[in-house]
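Chains as they are written, first to last, in the UniProt record's numbering: chain F, 1 to 213; chain X, 1 to 252; chain R, 1 to 227.
Among these hints, one or two may not hold up.
[Claimed, not checked] Here are the computed distance ranges between Cβ atoms for each label pair:
#1 X:W206 <-> R:E49: 53 to 61 Å
#2 F:E127 <-> R:W22: 21 to 29 Å
#3 R:P48 <-> F:P133: 47 to 55 Å
#4 F:L89 <-> R:L209: 20 to 28 Å
#5 R:W7 <-> F:P133: 21 to 29 Å
#6 X:D246 <-> F:A64: 22 to 30 Å
#7 R:I46 <-> X:G54: 36 to 44 Å
#8 R:L209 <-> X:S202: 41 to 49 Å
#9 X:A248 <-> R:I46: 55 to 63 Å
#10 X:A248 <-> R:L41: 54 to 62 Å
#11 R:L98 <-> F:R135: 27 to 35 Å
#12 F:P133 <-> X:A112: 27 to 35 Å
Simulated from the structure, these hints should not be mistaken for laboratory data.
Keep in mind that this is a model prediction, so the values were computed, not measured.
Just so you know, even glycine gets a beta-carbon here, dropped at the ideal spot from N, CA and C.
Chain by chain, the residues run as shown.
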Amino acid sequence: MNPDPDTPPLLEARGLAFARNDEPIFGPIDFALRHGEVVLMEGDNGSGKTTLLKVLSGLVEPSAGAVLLNGEPLTLARLSHQVALLGHLLGLKGELSPLQNLRFAIGLGGLRAGITPNQALLSVGLEGFEEVPLRQLSAGQKKRVALARLLLVPAALWLLDEPYANLDREGIALVNRLLEVHARRGGAALITSHGAYAYTSGTPRRIPLKAVA
Amino acid sequence: MNPLVLWFHKLGSPPYFYRFAGRLVPWFWAAALILGAIGLYGGLVLAPKDYQQGDAYRIIFIHVPSAWMSLFIYAFMAVNGFIALVWRIKLSETLAMAAAPVGAAFTFVCLATGAIWGKPMWGTWWTWDARLTSELVLLFLYLGVIGLYHAIEDRRQAARAAAFLALIGIVNLPIVHFSVKWWNTLHQGSTVKLFGPSLIDSRMLWPLLVMAIATKFVFAASLLSRARVDLLELESGKEWARAEADAAEGRA
Amino acid sequence: MSYGTLWGACRALLARDLALLWRRRGDALNPMLFALMVVALFPFAIGPEPQVLGRIAAGTVLVALLLAGLLSLDALFRSDLEDGSLEQLVLSPHPLALLLACKIFVHWLTTALPLVAIAPLVGEMLFLPGPVQPVLLAVLALSTPLLSLIGAVCVALTVGMRRSGMLLALLVLPLYVPVLIFAAGACNAAQNGLPVAAPLLWLGAGLALSLVLAPLACAAALKISIS
Numbered sequence: 001m002n003p004d005p006d007t008p009p010l011l012e013a014r015g016l017a018f019a020r021n022d023e024p025i026f027g028p029i030d031f032a033l034r035h036g037e038v039v040l041m042e043g044d045n046g047s048g049k050t051t052l053l054k055v056l057s058g059l060v061e062p063s064a065g066a067v068l069l070n071g072e073p074l075t076l077a078r079l080s081h082q083v084a085l086l087g088h089l090l091g092l093k094g095e096l097s098p099l100q101n102l103r104f105a106i107g108l109g110g111l112r113a114g115i116t117p118n119q120a121l122l123s124v125g126l127e128g129f130e131e132v133p134l135r136q137l138s139a140g141q142k143k144r145v146a147l148a149r150l151l152l153v154p155a156a157l158w159l160l161d162e163p164y165a166n167l168d169r170e171g172i173a174l175v176n177r178l179l180e181v182h183a184r185r186g187g188a189a190l191i192t193s194h195g196a197y198a199y200t201s202g203t204p205r206r207i208p209l210k211a212v213a
Numbered sequence: 001m002n003p004l005v006l007w008f009h010k011l012g013s014p015p016y017f018y019r020f021a022g023r024l025v026p027w028f029w030a031a032a033l034i035l036g037a038i039g040l041y042g043g044l045v046l047a048p049k050d051y052q053q054g055d056a057y058r059i060i061f062i063h064v065p066s067a068w069m070s071l072f073i074y075a076f077m078a079v080n081g082f083i084a085l086v087w088r089i090k091l092s093e094t095l096a097m098a099a100a101p102v103g104a105a106f107t108f109v110c111l112a113t114g115a116i117w118g119k120p121m122w123g124t125w126w127t128w129d130a131r132l133t134s135e136l137v138l139l140f141l142y143l144g145v146i147g148l149y150h151a152i153e154d155r156r157q158a159a160r161a162a163a164f165l166a167l168i169g170i171v172n173l174p175i176v177h178f179s180v181k182w183w184n185t186l187h188q189g190s191t192v193k194l195f196g197p198s199l200i201d202s203r204m205l206w207p208l209l210v211m212a213i214a215t216k217f218v219f220a221a222s223l224l225s226r227a228r229v230d231l232l233e234l235e236s237g238k239e240w241a242r243a244e245a246d247a248a249e250g251r252a
Numbered sequence: 001m002s003y004g005t006l007w008g009a010c011r012a013l014l015a016r017d018l019a020l021l022w023r024r025r026g027d028a029l030n031p032m033l034f035a036l037m038v039v040a041l042f043p044f045a046i047g048p049e050p051q052v053l054g055r056i057a058a059g060t061v062l063v064a065l066l067l068a069g070l071l072s073l074d075a076l077f078r079s080d081l082e083d084g085s086l087e088q089l090v091l092s093p094h095p096l097a098l099l100l101a102c103k104i105f106v107h108w109l110t111t112a113l114p115l116v117a118i119a120p121l122v123g124e125m126l127f128l129p130g131p132v133q134p135v136l137l138a139v140l141a142l143s144t145p146l147l148s149l150i151g152a153v154c155v156a157l158t159v160g161m162r163r164s165g166m167l168l169a170l171l172v173l174p175l176y177v178p179v180l181i182f183a184a185g186a187c188n189a190a191q192n193g194l195p196v197a198a199p200l201l202w203l204g205a206g207l208a209l210s211l212v213l214a215p216l217a218c219a220a221a222l223k224i225s226i227s
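Sequences and hints are given; from them, build the entire structure.
Take a look at the structure:
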């Protein structure tokens, strides 16, 4: 899908900056993310990657600048099924099975056409674990459940914080495959990494996020 | 722009406010001291004895202005908290949070003087009188705001959370006052009235009003002093704050 | 593609929270045990005479239940915050206030309702006069949801803190005072053979008001404290 230069980008940051107790955490930065794009946000530990994703998702208000979603200012109220965030905390319940967790996510966030929770678990390689309580799974398997959630909810924009952490080689390949499919059908993703793992398929645009002294 | 509005905008900027408040503070302290001295002289020396309470009533010249201030400061804090939440003005956050300890202090003074007064008048340090009880709840509200403000690390987030609590409190206060009154009358009939049906003597009234104005100046002076320090700390990364700190060091 | 309905979201949240509570059903007993223990301490502290205990029974039960509710309040958002579910909840496209109302409802159902259920038992332990029993139950039915709703707003303000117990009590108790006054007022009126309608109606009015306002305030407070 070729991005049309006339349509506004899916996500745009203008002069975006965040400060805590008047100490700058990141920014100001400007960038745009178009449909069909995967962008890798690179930065060292403490460069504000996690905070940036929170600001971009609307969880945290920026200290300066603005976030535009489809050309309109982003507020929590206007999120309307567009954004899915996968943070360090996966948002899954250890007491419940992967299937129960996913059903809850669908109830809360909606369901993409043409996929069921079982199919999503299959495509992240968790067939046979549908009914096992999540806390009995390994950290990498829990991450895969969270990735299955991304497949199910109808969000066009994925904000992934260190999606490669805790994953084996096969898991990394899985993330890359999911990102590729998501980009091909017009979605976009912003992923953060401190550089140890990389998005290997294609040549993603990289945005360096420098640590502010 | 209208010059008044322009001035207001300028006042909202921390460096301008810092210098402006710095110039006002000594005058406010001076006014508080002079008015306080006049009010206390009028109240403790010039005003006549009460025909029922003798000299003991003279504590009202501290007690009543403190009670007024405890409510006034809470309202001030809540208004600033509202501004801070809606328009996110840093100065309002600072003012609201600087006002809280001053308000708590006045509330405490009001409760303490009330207890001291109560001993000779009612024969007990404490009575579950509706006003005293509401004042106690007010003190808890103040302490809650202060506690919440200091429990959150990010200063601005802390100020917003505490301001929100202050706003909940302002909804709660009338309810508390009403319910306490209802509760107390249900138990033991009408309580001791602070002011009898008789109107207060004008020789008692003027020192009371002077003291009320004096306490306003005490509040204004300590509020501005606190707000200046808080602003300097909040903006310690900024150019103007460093310049002020350097200048202060140069003077020392 | 289906975006899900608000009702669907609320139902999913209710189903999940109930399933979670069923997994941890042992925890639901803790507030009940706490309330029982507090009530059991009173006869030791002030003597076992039925007249004395009967006079303070209603108030004691109310305070014991209020404190038990206070202890369980902290759990309202704790686990959701720790595993990141709270972020997902806030980011959900549905109105946060309604989702929080569902959470508060489940919390009330599992911590406060068991307390209401044991109220006749603890009332009996303290020789609560017979005519006061039904009034106490009516009072509890009205005041426990009120306490849960008010408490939820304060929990939302302290949700990010590691040790919020003492602070939470300081924030909550001034707000609980009017509820306690009307609740105890109704019981005292019943004990003295006076009409109880007025305090009950006040409690009902307070409940109606906070059913609407508390979830909104809770959502606003939560947005402040997770930022």
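Evaluated hints:
1. X:W206 <-> R:E49: 53 to 61 Å: Taking Cβ atoms as reference, W206 (chain X) and E49 (chain R) lie about 56 Å apart, which means the hint holds.
2. F:E127 <-> R:W22: 21 to 29 Å: Holds: the Cβ-Cβ distance is about 26 Å, inside 21 to 29 Å.
3. R:P48 <-> F:P133: 47 to 55 Å: holds (48 Å)
4. F:L89 <-> R:L209: 20 to 28 Å: violated (35 Å)
5. R:W7 <-> F:P133: 21 to 29 Å: holds (28 Å)
6. X:D246 <-> F:A64: 22 to 30 Å: holds (27 Å)
7. R:I46 <-> X:G54: 36 to 44 Å: holds (40 Å)
8. R:L209 <-> X:S202: 41 to 49 Å: holds (44 Å)
9. X:A248 <-> R:I46: 55 to 63 Å: holds (60 Å)
10. X:A248 <-> R:L41: 54 to 62 Å: holds (57 Å)
11. R:L98 <-> F:R135: 27 to 35 Å: About 29 Å separates the Cβ atoms of L98 (chain R) and R135 (chain F), which means 27 to 35 Å holds.
12. F:P133 <-> X:A112: 27 to 35 Å: violated (58 Å)
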